[in-house]
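Q: Heads up: the protein sequence lines correspond to chains L and Z, in order.
Going by the numbering used here, the first residue of the first sequence is number 1, and it counts up by one from there.
Going by the numbering used here, the first residue of the second sequence is number 1, and it counts up by one from there.
Hints should not be assumed to be uniformly reliable.
Label-pair ranges, simulated between beta-carbon atoms [as the list claims (entries may be wrong)]:
hint : chain 1 : residue 1 : chain 2 : residue 2 : range
1    : L       : Pro188    : Z       : Glu384    : 50 to 58 Å
2    : L       : Glu388    : Z       : Thr219    : 57 to 65 Å
3    : Z       : Ser190    : L       : Thr278    : 32 to 40 Å
I should point out that these hints are in silico values taken from the structure, not numbers from a laboratory.
The structure presented is a predicted model; accordingly, all values stated were derived computationally and were not measured.
All C-beta atoms, glycine included, are put in the ideal place defined by N, C-alpha and C.
Number of protein chains: 2
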Amino acid sequence: MQITDIRETAIPLNSNLRNAVFDFSQMTTSIVAVITDVIRDGKPVVGYAFNSTGRYACGAQMRSRFIPRIIDADPDSLIDEARDNFNPEAILAAMMQGEKPGGHSDRSVGIGTIEVAVWDAIAKIEEKPAYQAIADRYNPGGAKPDMFVYVGGGWYAPGKGIPELLDEMRGYLDMGYTQLKMKVGGAPISEDIERLEAVLNLVGNDGWNLAVDANCGLTPDEARAYAGALAPYKLRWYEEPTDPLDYALMTELAETYEPPLATGENLFSQQDMRNLITFGGMRPNHDVLQIDPPQSYGVVAVARTIEMLHGTGWAVGSSVMPHGGNQMSLHIAAGLGMLLCESYPNTFGMFSGFADDAEIIDGYLKLDPDRPGIGFESQADLYEVMSELSSN
Amino acid sequence: MQITDIRETAIPLNSNLRNAVFDFSQMTTSIVAVITDVIRDGKPVVGYAFNSTGRYACGAQMRSRFIPRIIDADPDSLIDEARDNFNPEAILAAMMQGEKPGGHSDRSVGIGTIEVAVWDAIAKIEEKPAYQAIADRYNPGGAKPDMFVYVGGGWYAPGKGIPELLDEMRGYLDMGYTQLKMKVGGAPISEDIERLEAVLNLVGNDGWNLAVDANCGLTPDEARAYAGALAPYKLRWYEEPTDPLDYALMTELAETYEPPLATGENLFSQQDMRNLITFGGMRPNHDVLQIDPPQSYGVVAVARTIEMLHGTGWAVGSSVMPHGGNQMSLHIAAGLGMLLCESYPNTFGMFSGFADDAEIIDGYLKLDPDRPGIGFESQADLYEVMSELSSN
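Next comes chain L alone, as it looks inside the complex:
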């Protein structure tokens, strides 16, 4: 049993969306195919993944460093004999050979994307969904396949006013979502508050069902001003007020802003996450920790981060969510028993959303227990590109 080839290619996101910090017009993402010699349904099992959104394609690092380290390893060293399957911990360790400590984001995205594709293969070999393969190994509490999902939306776009914003948000409610998130920080604060009130008026907020996201785009003074302006609205969370590494300011905000804060998607290692909870003033089981698994070394590393949280007062089911609304984050959230999952319907083209036939009912999405792997096969446009990568 061995990995026979790993292929990658870069795809432009082709998005004209904008948040508080930048537009996505030049953004690219890497897709990966991990090809094995294990046969299921008469064909070699192939695992797929892509590197989520917001970090650029990283194929060069994969080709020059991570892929050869796997292909050149003794195949037997990458096997979990007890499970007769690939060993994701050994594969992660192989990719980390020759890497200096610290400086995570140079490699965490490339390694994480390959690692998540390995999990797609592992689950397909076991003929079970990825969430189940993950839960079997890392979640004694069992998977959470009935997953609450919310929409990360409320984007800025050229010419977009409040009526168009409400059209966007109404569309999500019509799809069955009950919790929404909107961008702030890309307009003057008074205009953002008008946008916020308009959306609150649409969704109602009895269930704390609106969150806001500043995407690290505020200066410290602006972050404080937004905290003051947002506090009365009892939002589900106030996300990434400022620089993701500004733990001192997060501590200050947590002391004055009573409703939940959220951050973490722009930290990429267990070490950084530990610093956030140790020095960032974050309140266990009140604030929300956000992790992007394919950008943070993958499933094994995220499972270890959750293990690190044990004993610190943080519970994965009430505090941790994945960044990135896609099939990968959905399965990983369900497998590890996270609080909820993000969704980006229609936002990033073929990289958006979940299975083409996924239904959201009262904010919940039921993962199909009969589809093996991560289930990219149920996303027709994306699977066409992925399967092309692994054919010939």
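Following the hints, complete the assembly by docking chain Z onto the known chain L.
A: Chain Z only, in chain L's frame:
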């Protein structure tokens, strides 16, 4: 006045050295040539740099993101009109377009290497050494062209015992160096202490002239054990005991290990450095902060980090040094008035050391005030490769 082309290529380091964490056999580095249309001595001015040591070549990021952002910018927007030269702050800002906050190392090495090459060009345009061009802009106290340099050596290598270690260290003393550093953590602690005592016996330690470097290779318990074992020797510093982001452990060590600690070369941003001094327990003007400029966004970013240190009790001249023993770190240390500079004679092939005719006298190296730029032209082997990159 404009930058007409930026070229890069990856070069293998071809080193068989080893520290506590990994060997350098697969390590590569990027070299960069920034070609301008400014004429000096009848030829276009070209700035050169390489990405220091320990982080892999990053040409793909340069080609797909940072180089086009400079070449596609309005050339006038990159000019410092008052100085009739390129504006390194504007060039840095151009390279940062479209980059998400956090996740520094994915880009800080590529951006920093290009930025340092821009400084080589800036100084050549002003027909002065790089240290002077840097001091003119960022160091009101004036440059420090008579620079104390120490050798980062004492490497592990296959078959290398104490006699060979002493030969290595004796060689440095014969070159004129008075302060040395040796690796620890790549052997059992008792063996490392034997190595240390042998070297101390050679160099004497009245002037605290031996430092040790664990390259983040110790577990927390090992880091504590080494602290206990090393403390009686009054070493110049105990460098990178453990993970560079483990601020909690650094705080603990600083409370129990009295002599100076050193760390920072595996942090790549001002935000991380601020966290280190805020949460890492580091003692101002006692411990040592280490920054690798070409790996940390370059000269402008390091100057801003030093500005951030003002008011925190840290003084650049008593606490800050560059990682990387090369012409770039030498000029940047001299320009910004840092404590001292590292040297790697003969260690990384053509990327080692300083000008071919540099003389070390009682530990000091006098930079030549008549050589414009960073002075790679005075390193024959390296300049041959660099100038080939810019010729066509």
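Q: Determine for every hint whether it applies to the structure shown.
A: Hint-by-hint comparison with the structure:
At about 56 Å, the beta-carbon gap between Pro188(L) and Glu384(Z) stays in the expected band of 50 to 58 Å. For the pair Glu388(L) and Thr219(Z), the beta carbons lie near 45 Å from each other, so the given range of 57 to 65 Å is not met. Remark: the range hint 32 to 40 Å for Ser190(Z) to Thr278(L) is upheld by a beta-carbon distance near 33 Å.
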